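As given, the protein sequences belong to chains A and B, one line each in that order.
Under this note's numbering, the first residue of the first sequence carries the number 15, and numbering increases by one thereafter.
Under this note's numbering, the first residue of the second sequence carries the number 15, and numbering increases by one thereafter.
Calculated directly from the structure, the hints in this document are not laboratory data.
Small disclaimer: the values here were computed from a predicted structure and weren't measured.
Be careful, since some hints might not be right.
[Said to hold, decoys possible] Just so you have them, the derived chain B footprint on chain A, three or more residues with Cβ under 8 Å:
(1) 16 to 29
(2) 94 to 100
(3) 180 to 191
(4) 199 to 213
(5) 226 to 239
[To be verified] Derived coverage of chain A by chain B (criterion: at least 3 residues anywhere in the stretch with Cβ under 8 Å from a Cβ of chain B; other residues may be distant):
(6) 50 to 64
(7) 246 to 257
(8) 285 to 294
[As the list claims (entries may be wrong)] Sample of chain B residues with no beta-carbon within 10 Å of chain A, all distances over it, derived:
(9) Glu52
(10) Gln101
(11) Pro129
(12) Gly141
(13) Phe149
(14) Arg187
(15) Glu247
(16) Ser294
C-beta atoms are modelled at their ideal positions from N, C-alpha and C, and glycine is treated no differently.
Protein chains: 2
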Amino acid sequence: MRFDKSTNILIIGLGVIGGGYAAALTSKGYRVYCITKEEGDIAYAKERGIITDGTTELDTELIGRAELVIFALYPTVFIDWIEKNQQLLRPGALITDVTGVKGSVVERVQSILRPDVEFIAAHPMAGRERSGVEFSDPEVFIGANYIVTPTEKNTKAAIEICRELGRVLGFGRITELSPEEHDKMIAFLSQLTHCIAVTLMTCNSTPELEKYTGDSFRDLTRIAKINDKMWSELFIMNKSALLSEMDAFSLEFERLRAMLVAGDSEGIREMMRRSTERRSLFDKPKK
Amino acid sequence: MRFDKSTNILIIGLGVIGGGYAAALTSKGYRVYCITKEEGDIAYAKERGIITDGTTELDTELIGRAELVIFALYPTVFIDWIEKNQQLLRPGALITDVTGVKGSVVERVQSILRPDVEFIAAHPMAGRERSGVEFSDPEVFIGANYIVTPTEKNTKAAIEICRELGRVLGFGRITELSPEEHDKMIAFLSQLTHCIAVTLMTCNSTPELEKYTGDSFRDLTRIAKINDKMWSELFIMNKSALLSEMDAFSLEFERLRAMLVAGDSEGIREMMRRSTERRSLFDKPKK
Numbered sequence: 015m016r017f018d019k020s021t022n023i024l025i026i027g028l029g030v031i032g033g034g035y036a037a038a039l040t041s042k043g044y045r046v047y048c049i050t051k052e053e054g055d056i057a058y059a060k061e062r063g064i065i066t067d068g069t070t071e072l073d074t075e076l077i078g079r080a081e082l083v084i085f086a087l088y089p090t091v092f093i094d095w096i097e098k099n100q101q102l103l104r105p106g107a108l109i110t111d112v113t114g115v116k117g118s119v120v121e122r123v124q125s126i127l128r129p130d131v132e133f134i135a136a137h138p139m140a141g142r143e144r145s146g147v148e149f150s151d152p153e154v155f156i157g158a159n160y161i162v163t164p165t166e167k168n169t170k171a172a173i174e175i176c177r178e179l180g181r182v183l184g185f186g187r188i189t190e191l192s193p194e195e196h197d198k199m200i201a202f203l204s205q206l207t208h209c210i211a212v213t214l215m216t217c218n219s220t221p222e223l224e225k226y227t228g229d230s231f232r233d234l235t236r237i238a239k240i241n242d243k244m245w246s247e248l249f250i251m252n253k254s255a256l257l258s259e260m261d262a263f264s265l266e267f268e269r270l271r272a273m274l275v276a277g278d279s280e281g282i283r284e285m286m287r288r289s290t291e292r293r294s295l296f297d298k299p300k301k
Numbered sequence: 015m016r017f018d019k020s021t022n023i024l025i026i027g028l029g030v031i032g033g034g035y036a037a038a039l040t041s042k043g044y045r046v047y048c049i050t051k052e053e054g055d056i057a058y059a060k061e062r063g064i065i066t067d068g069t070t071e072l073d074t075e076l077i078g079r080a081e082l083v084i085f086a087l088y089p090t091v092f093i094d095w096i097e098k099n100q101q102l103l104r105p106g107a108l109i110t111d112v113t114g115v116k117g118s119v120v121e122r123v124q125s126i127l128r129p130d131v132e133f134i135a136a137h138p139m140a141g142r143e144r145s146g147v148e149f150s151d152p153e154v155f156i157g158a159n160y161i162v163t164p165t166e167k168n169t170k171a172a173i174e175i176c177r178e179l180g181r182v183l184g185f186g187r188i189t190e191l192s193p194e195e196h197d198k199m200i201a202f203l204s205q206l207t208h209c210i211a212v213t214l215m216t217c218n219s220t221p222e223l224e225k226y227t228g229d230s231f232r233d234l235t236r237i238a239k240i241n242d243k244m245w246s247e248l249f250i251m252n253k254s255a256l257l258s259e260m261d262a263f264s265l266e267f268e269r270l271r272a273m274l275v276a277g278d279s280e281g282i283r284e285m286m287r288r289s290t291e292r293r294s295l296f297d298k299p300k301k
């Protein structure tokens with residue numbers, strides 16, 4: 015297949031990410047169709063010109079026409095969809111996804127998929143702490159990171175189309191990792207941070223703390239507003255990598271605690287200087 | 015003393031917070047003088063109209079004229095200044111501060127201070143991860159929290175002036191806590207968050223992580239760019255309260271880990287729902 019403005023694009027799952035993809039693609043002149051659960055979300059998206067058309071039905075004609083299908087579903091729902099409905103896909107279709115774990119998802123989907131359809135996985139490193147199409151915002155992709163996770167089953171052409179999709183969506187840095195490398199990276203950068211935010215938000219139940227808070231606590235807990243269904247699924251699907259990152263964090267936290275107990279001011283300052291230096295690498299590139 | 019636009023205000027320490035106070039007060043028509051270490055900072059602040067005048071000298075006339083003195087120094091430097099120079103303060107002067115720990119600072123300063131000068135402590139819950147007057151921004155105070163920490167040695171009049179200062183600076187919520195309550199609160203809301211951010215930034219040294227990061231990791235580590243001298247001092251001065259908050263965090267983090275090991279999806283989701291609900295209390299009031 016080719017990927018240009020005449021490509022028939024179908025997004026399955028019009029949530030905060032699917033909606034953002036739809037808005038970005040439509041605004042650049044692509045034709046985007048969608049299938050999603052709620053009638054209201056389709057009405058919302060059509061009204062705002064985010065999609066060309068959509069349905070809540072398993073519309074065989076719509077699916078059969080789609081050349082590029084983007085699955086913006088929970089991992090288990092995505093796998094389930096492929097198991098039940100892949101016979102509806104167009105021969106030669108390319109499918110991609112946005113799921114936050116790759117190892118188990120990519121292996122499962124690629125192993126059961128028809129040979130005339132190719133699945134190239136990708137993870138947009140941008141999101142919102144709210145879910146639903148009404149919180150979608152294509153601006154969050156601008157300058158953000160986009161990770162493509164090919165396997166030996168992928169063709170060069172499909173990898174290139176997936177990268178091109180990332181460029182069209184506005185991502186700033188497009189990289190490739192194996193599914194396993196991705197999951198290790200994500201366990202640290204994304205899942206551990208969510209574990210920490212949730213823990214921080216629930217470990218102290220003193221009333222009225224909000225009256226005294228500053229921005230640092232707000233920043234560290236922004237993502238403590240969390241989609242419990244999706245994130246518990248992501249954590250459990252990536253359990254061993256996440257446990258190992260949690261343990262590395264705990265070990266370093268204990269090291270800081272021990273220095274504090276000992277009043278080791280120089281040790282604490284050295285750790286802070288390292289942290290300051292390392293953090294400067296992570297500033298977001300200007301839009 | 016009274017506090018109005020004719021009040022002679024002296025800020026000692028023109029860093030990111032002192033500079034922000036100066037800019038806010040000056041923009042509202044108050045006359046602000048300052049004493050600080052660097053000539054360059056005074057030149058910078060005068061050029062931008064942030065202060066009326068300033069000096070790097072221990073100017074006895076300037077100090078002797080000041081009716082309201084705001085110390086924006088590190089805790090130990092503040093105590094040291096009072097020990098060495100309090101004889102220069104004007105009889106009847108009111109002094110306040112911005113330091114991030116209160117118990118040891120307030121007790122020490124109030125116990126050694128001349129009886130004709132009153133110290134009322136306050137903590138502006140707003141800052142910047144950068145230090146220096148060139149990063150000061152009075153906008154950070156707008157809508158933020160401001161905590162006054164009176165003791166039985168303070169007069170009602172002084173407490174009221176300190177609250178009024180908070181209002182003039184633009185703070186949104188002005189509250190009172192005892193120094194001890196303040197330190198317990200701050201151990202959790204501010205110091206623990208800095209411990210976590212620094213730990214997260216130093217517990218994984220995999221190269222090129224920044225190529226793959228999303229905003230959640232950036233948010234959790236914004237404050238990992240840290241003034242090591244000031245924060246190590248704050249941690250150690252509030253050691254016992256901070257250790258107890260670190261331990262409460264670790265206990266809850268271990269509980270999450272155990273649920274993950276057990277694959278207890280419902281337990282994890284319940285914790286996330288609690289976190290989501292509790293976080294909504296902490297949204298910043300709109301400016």
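Stated coverage of the stretch 50 to 64 of chain A by chain B [criterion: 3+ residues, CB within 8 Å]
violated (count 0)
Examine the stretch 199 to 213 of chain A: at least three residues should have C-beta closer than 8 Å to a C-beta of chain B.
With 13 residues close enough to chain B, the hint holds.
Whether Gly141(B) stays farther than 10 Å from all C-beta atoms of chain A, as the label says
Gly141(B) not clear of chain A: closest Cβ-Cβ about 7 Å, inside 10 Å.
For Ser294(B), is the shortest CB-to-CB distance to chain A above 10 Å, so the non-interface label stands?
Since the minimum Cβ distance to chain A is about 7 Å, Ser294(B) lies within 10 Å and the statement is violated.
Is the Cβ of Glu52(B) farther than 10 Å from every Cβ of chain A?
Holds, since 21 Å exceeds 10 Å.
Does Phe149(B) sit more than 10 Å from chain A, CB to CB?
holds (14 Å)
Please check whether the stretch 246 to 257 of chain A has three or more residues whose CB lies within less than 8 Å of a CB on chain B.
holds (count 7)
Check, residue by residue, whether the stretch 226 to 239 of chain A contains three or more positions whose beta-carbon lies closer than 8 Å to a beta-carbon of chain B, and give the verdict.
holds (count 14)
Confirm or reject the statement that Arg187(B) sits farther than 10 Å, beta carbon to beta carbon, from all of chain A.
violated (6 Å)
Are there at least three residues in the stretch 285 to 294 of chain A whose beta carbon sits under 8 Å from a beta carbon of chain B?
holds (count 9)
Proximity test - 8 Å, beta-carbon atoms, the stretch 16 to 29 of chain A to chain B, at least three hits:
violated (count 0)
With d taken as the least Cβ-Cβ distance between Gln101(B) and chain A, does d exceed 10 Å?
holds (31 Å)
Hints 1, 2, 6, 12, 14, 15 and 16, counting from the list given before, are not met by this structure.
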